[in-house]
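Undergrad: Chains A and B are the protein sequences, given in the same order. Per the numbering used here, the very first residue in the first sequence carries number 69; after that it's consecutive. Per the numbering used here, the very first residue in the second sequence carries number 6; after that it's consecutive.
Do not take every clue at face value.
Label-pair ranges, simulated between beta-carbon atoms [to be verified]:
| # | chain 1 | residue 1 | chain 2 | residue 2 | range |
| --- | --- | --- | --- | --- | --- |
| 1 | B | Val205 | A | Ala115 | 55 to 61 Å |
| 2 | A | Ala115 | B | Thr351 | 23 to 29 Å |
| 3 | A | Phe270 | B | Lys127 | 35 to 41 Å |
| 4 | B | Gln335 | A | Asp187 | 55 to 61 Å |
| 5 | B | Lys279 | A | Asp187 | 42 to 48 Å |
| 6 | B | Lys279 | A | Ala261 | 46 to 52 Å |
| 7 | B | Arg58 | A | Gly303 | 33 to 39 Å |
| 8 | A | Leu241 | B | Pro145 | 49 to 55 Å |
| 9 | A | Ala236 | B | Lys318 | 56 to 62 Å |
| 10 | A | Ser190 | B | Ser347 | 54 to 60 Å |
| 11 | A | Leu241 | B | Gln335 | 44 to 50 Å |
| 12 | B | Lys127 | A | Ala275 | 17 to 23 Å |
| 13 | A | Val420 | B | Gly90 | 21 to 27 Å |
Don't read these hints as lab results, they were simulated from the structure. Ideal Cβ placement from N, Cα and C applies to all residues, glycine included.
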Amino acid sequence: MTSPNPAAKAAKPGLAQRISGERIVLALAAPVLAVVLSVAICSVLLATSGKNPFDAWNVMITYATKSDGQVNILNRSTTYYLAAAAAAFGFRMNLFNIGVEGQYKVAALFAAYVGGQVDLPSFIQIPLLLVTAMLVGGLYASIAGLLKVYRGVSEVIATIMLNSIAVAIVGLLLVPGIFAPKVSGTSNSIQTAPLSESSHFFALDTAGGPLWGFIFIAILVGVVFQFTLTRTRFGFDLRATGRSESAATASGVNVKKMVIISMAVSGAIAGLIGLPELMQNSFNYGQSFQPGLGFLGISIALLGRNSPFGMVFAAVLFAFLDATGSQLPLQGGFPSEIVAVMQGTIVICVVVAYELVRRYGLKRQQQKVGAQLAAQIAATEKKEVSA
Amino acid sequence: MRRSMKLAAVVLSGSLGMASLAACGAKSTDNTSSSASGDGSLKVGMAYDIGGRGDQSFNDSAARGLDKAKSDLGASVTEAEAKSGEAEADKETRLKNLVDAGYKTIIAVGFVYQPAVNKVAKDNPNVKFAIIDSNDKDQPSNVTSLLFAEQEGSYLAGVAAANKSKAKHVGFIGGVQSELIKKFEAGYKAGVKSVDPNIVVETTYLTTPPDFTGFNSPDKGKEAAQGQLDKGADIIYTAAGSSGNGAIEAVANKQGALAIGVDSDQASQPALAKYKNSIMTSMVKNVDNAVFAYIDSVKKGSAFTGIKLFDLKADGVSLATTGGKIDDIQDKLKAAADAIKSGATTIPTAPVQ
Numbered sequence: 069m070t071s072p073n074p075a076a077k078a079a080k081p082g083l084a085q086r087i088s089g090e091r092i093v094l095a096l097a098a099p100v101l102a103v104v105l106s107v108a109i110c111s112v113l114l115a116t117s118g119k120n121p122f123d124a125w126n127v128m129i130t131y132a133t134k135s136d137g138q139v140n141i142l143n144r145s146t147t148y149y150l151a152a153a154a155a156a157f158g159f160r161m162n163l164f165n166i167g168v169e170g171q172y173k174v175a176a177l178f179a180a181y182v183g184g185q186v187d188l189p190s191f192i193q194i195p196l197l198l199v200t201a202m203l204v205g206g207l208y209a210s211i212a213g214l215l216k217v218y219r220g221v222s223e224v225i226a227t228i229m230l231n232s233i234a235v236a237i238v239g240l241l242l243v244p245g246i247f248a249p250k251v252s253g254t255s256n257s258i259q260t261a262p263l264s265e266s267s268h269f270f271a272l273d274t275a276g277g278p279l280w281g282f283i284f285i286a287i288l289v290g291v292v293f294q295f296t297l298t299r300t301r302f303g304f305d306l307r308a309t310g311r312s313e314s315a316a317t318a319s320g321v322n323v324k325k326m327v328i329i330s331m332a333v334s335g336a337i338a339g340l341i342g343l344p345e346l347m348q349n350s351f352n353y354g355q356s357f358q359p360g361l362g363f364l365g366i367s368i369a370l371l372g373r374n375s376p377f378g379m380v381f382a383a384v385l386f387a388f389l390d391a392t393g394s395q396l397p398l399q400g401g402f403p404s405e406i407v408a409v410m411q412g413t414i415v416i417c418v419v420v421a422y423e424l425v426r427r428y429g430l431k432r433q434q435q436k437v438g439a440q441l442a443a444q445i446a447a448t449e450k451k452e453v454s455a
Numbered sequence: 006m007r008r009s010m011k012l013a014a015v016v017l018s019g020s021l022g023m024a025s026l027a028a029c030g031a032k033s034t035d036n037t038s039s040s041a042s043g044d045g046s047l048k049v050g051m052a053y054d055i056g057g058r059g060d061q062s063f064n065d066s067a068a069r070g071l072d073k074a075k076s077d078l079g080a081s082v083t084e085a086e087a088k089s090g091e092a093e094a095d096k097e098t099r100l101k102n103l104v105d106a107g108y109k110t111i112i113a114v115g116f117v118y119q120p121a122v123n124k125v126a127k128d129n130p131n132v133k134f135a136i137i138d139s140n141d142k143d144q145p146s147n148v149t150s151l152l153f154a155e156q157e158g159s160y161l162a163g164v165a166a167a168n169k170s171k172a173k174h175v176g177f178i179g180g181v182q183s184e185l186i187k188k189f190e191a192g193y194k195a196g197v198k199s200v201d202p203n204i205v206v207e208t209t210y211l212t213t214p215p216d217f218t219g220f221n222s223p224d225k226g227k228e229a230a231q232g233q234l235d236k237g238a239d240i241i242y243t244a245a246g247s248s249g250n251g252a253i254e255a256v257a258n259k260q261g262a263l264a265i266g267v268d269s270d271q272a273s274q275p276a277l278a279k280y281k282n283s284i285m286t287s288m289v290k291n292v293d294n295a296v297f298a299y300i301d302s303v304k305k306g307s308a309f310t311g312i313k314l315f316d317l318k319a320d321g322v323s324l325a326t327t328g329g330k331i332d333d334i335q336d337k338l339k340a341a342a343d344a345i346k347s348g349a350t351t352i353p354t355a356p357v358q
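With the rest of the complex left out, here is chain B:
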């Protein structure tokens, strides 16, 4: 008994000692905040999701927008990326560090940053935040959401797939069964059905949240694509980050089958060069345009506020034409696109169960 009491006393006094130490020490931001007041130049900080620059997909697209802002608008930039399995506090610290370093415009890439952005934005009302792919009704007014109409681009991908499928049998592979990827599925299915309601659509999700490995497991993508090919699908649309590389590989190994890529123009990516003849098109999500447009709006002094939607009309999503495989159906795609832009076609954002 005595020993455990002693132990308790030591632990308690130790932690209280540290706590009181914490109470009187200087903050890490104390000395940096004075140097933060810059020369008025455009300083943009970017916080990436897991993968960061070089993921061949989503983050890279954001990075392209940042690079363009750097060269065209003369912005000085700093980047930081998330690591997998990090604590919420790490995200907050990352954003706070950017604020402390004097960055007045901060772009968070990916919806995982939403709670951290809300918190840090509230404490720093004079800093402008943008968050890609997410919005929250409680977000402070200095946060702008940059959203994309993935369902519209996916609808066009569906129209293209339905027109090109000889087997009248197509497939969809989603990386993680999240709300975001469900928008891809919903749009794609609607697009396919608009051409021919009798076409069979296979749907496979690689993982369900909170398991986000479906976005970076090419092996799972390959397996899922193989399964759909075996069932008879001849065109497969994969919205699964780098898992899509595996799916494209599986499709390329089958004569006559075609793949639809996602996020970036995958047929022109060096990493996928050997499969480019099997990539029919890609549903490009122009995160770079959105990032650049946002930084530009800040520079002009009329920063976007609230929710900024990048849809088909705003060139936020589009189909890539690299390889010329969808040139013959351009008129049909254009008609479908015009119908969306004019509002004649409305596309569901959640798949019909």
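If we strip away everything but chain A, and leave its shape as in the complex, we get:
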């Protein structure tokens, strides 16, 4: 095949475009399939419990068209996106950081403490809190990274254990006299001292209430995530290690270093998860600080295929479900648990759907390559005959 084939060359861009168009359809097929399936399952569930599912969807969608509903959804998406990004960063390297849950709790606690003790001008104070949270989250996560590299402990086991330890750490520190101020005898809720005024992050005032300025931090995290992954050597090494550790080692990647760094970065992003709530809404870390965001992040990362772009949709979808789901009990007496069922079925369905779509895509690709090769062989044979 020394002589270039002009016909094949001309057809190439068109073909590439067609493939990528098809790839987009394939990529969208799985999540859409999963959502449709879970809506169907939940509708059946609602119907069997004697409720009209369409009324329930109507309540949810109506709330999402209102301005305060939208602000609520966007604010939640901000938190959810950060949680997903934290989990996804590890996943891209085949590193299952299940410990996002513990990392954000510890990080938010320390950030809240620092924010309550220090009062500097905003332009120092806010970066200080961001750095504190990221540092604490990163350090906490790197315990699991170090254990994996030097002791061969599975990061899954280590991070799950560290989640429990994180709860104990918060329990140990979040008591009056240590991280929480002394309280009177009649108060039962314990929280850190309120953040100084200068720690408050900016919010956009909309008709639906304050829209958290942290959304821009979340966007920034997404952009840096994508850039690092696709445009830097580190990102290449990370993806290579994720695909095949031995191949990466053979091509000169220091896998041990990669594990520690990725774990720390994943933890650092996790450190940001608690900050929107902390710096925009509650301004303190209390005993009822929202738990479970780490595990939610794993679901969202899965749904968004660990892609910074896909996770935007996944985060908004989950935020939509959670925000509008809280309307259900008071507007028609629907059980709010239906939202949890829906999120669960979406995650299960999406795993199955991705695998189905992947196999289908693989088959299509094989067929296509086969057809292409056959056409090429036919073309060269024809040439040889004519020559």
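Chain A is fixed; fit chain B onto it per the hints.
TA: Positioned in the frame of chain A, the structure of chain B alone reads:
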């Protein structure tokens, strides 16, 4: 580089688009607020903590008070409950929904609602809020705290335990090591020591905050009770929500050991009927009385304000007598109760370290 820039642009414009959409859309409360102005009837909204109606304990007690207000005072009521792991925004939304639906009296059950109540009450000064088990020095004036003197009831439980213990060895199991449960421990220990300072008191907490599973893990309660029984305690007081069911089960399995229940009269609860012979008494926290009294005060136009303490004197806490196991020491309990009511005995609210 180009692709990531494009990506950034898309994300940015997308979110800004949504934000501007948010800025111009109608609020979800716009259409409901007009219908909210009711006919002046008593409309009471209640927001429960996790577990809600049917938890056999704290929330159920509040629900009883609400039911009584419904039948005796003709209040129209709506209820909503928290789900575990929810965001702070969910609590605010729940309270706001109740406000928007025209409920002018709203009762939040449990201290987890404090920040949300503060915020929503500030925005709705004409709505009356009550919060059970919590107060905050910054709470707006339209918020009333309904508090209980758990240490006083627990003191009596301690007196009863000390008088009934043959082994001179008793136990305390707390669900979560929170300020609230520490009040139970402090009162109980003080009560025991008032009878006989030489009695040994075992103390076990099932979890520490922010892990609140200690309130709904009967397995943990059972294990802790078994541990205390093995050490020789023969009377165990459990203040741990539904975890207490496990502790009571463990106590019932040991001959001669007795349990002290909490919050509701646990010896008369159907779910615990088979262990009722092992339940000596229960430290009843009359959340229902408090809820009813609050709604009644609103109806009469003289709503409670600030902090309303339901102590022994106000019948906010008491010992249950179902089963008659403490009938023989009633005179001693009465003497102790009178001393508390008259102020002769003061009880610590935090355990002595």
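Undergrad: Work down the list of hints and note, for each, if the structure agrees.
TA: Status of each hint after checking the structure:
no.: 1; hint: Val205(B) / Ala115(A): 55 to 61 Å; result: holds (59 Å)
no.: 2; hint: Ala115(A) / Thr351(B): 23 to 29 Å; result: violated (59 Å)
no.: 3; hint: Phe270(A) / Lys127(B): 35 to 41 Å; result: violated (21 Å)
no.: 4; hint: Gln335(B) / Asp187(A): 55 to 61 Å; result: holds (58 Å)
no.: 5; hint: Lys279(B) / Asp187(A): 42 to 48 Å; result: violated (59 Å)
no.: 6; hint: Lys279(B) / Ala261(A): 46 to 52 Å; result: holds (49 Å)
no.: 7; hint: Arg58(B) / Gly303(A): 33 to 39 Å; result: violated (52 Å)
no.: 8; hint: Leu241(A) / Pro145(B): 49 to 55 Å; result: violated (30 Å)
no.: 9; hint: Ala236(A) / Lys318(B): 56 to 62 Å; result: violated (40 Å)
no.: 10; hint: Ser190(A) / Ser347(B): 54 to 60 Å; result: holds (55 Å)
no.: 11; hint: Leu241(A) / Gln335(B): 44 to 50 Å; result: holds (45 Å)
no.: 12; hint: Lys127(B) / Ala275(A): 17 to 23 Å; result: holds (19 Å)
no.: 13; hint: Val420(A) / Gly90(B): 21 to 27 Å; result: holds (25 Å)
The structure shown violates the earlier hints numbered 2, 3, 5, 7, 8, 9.
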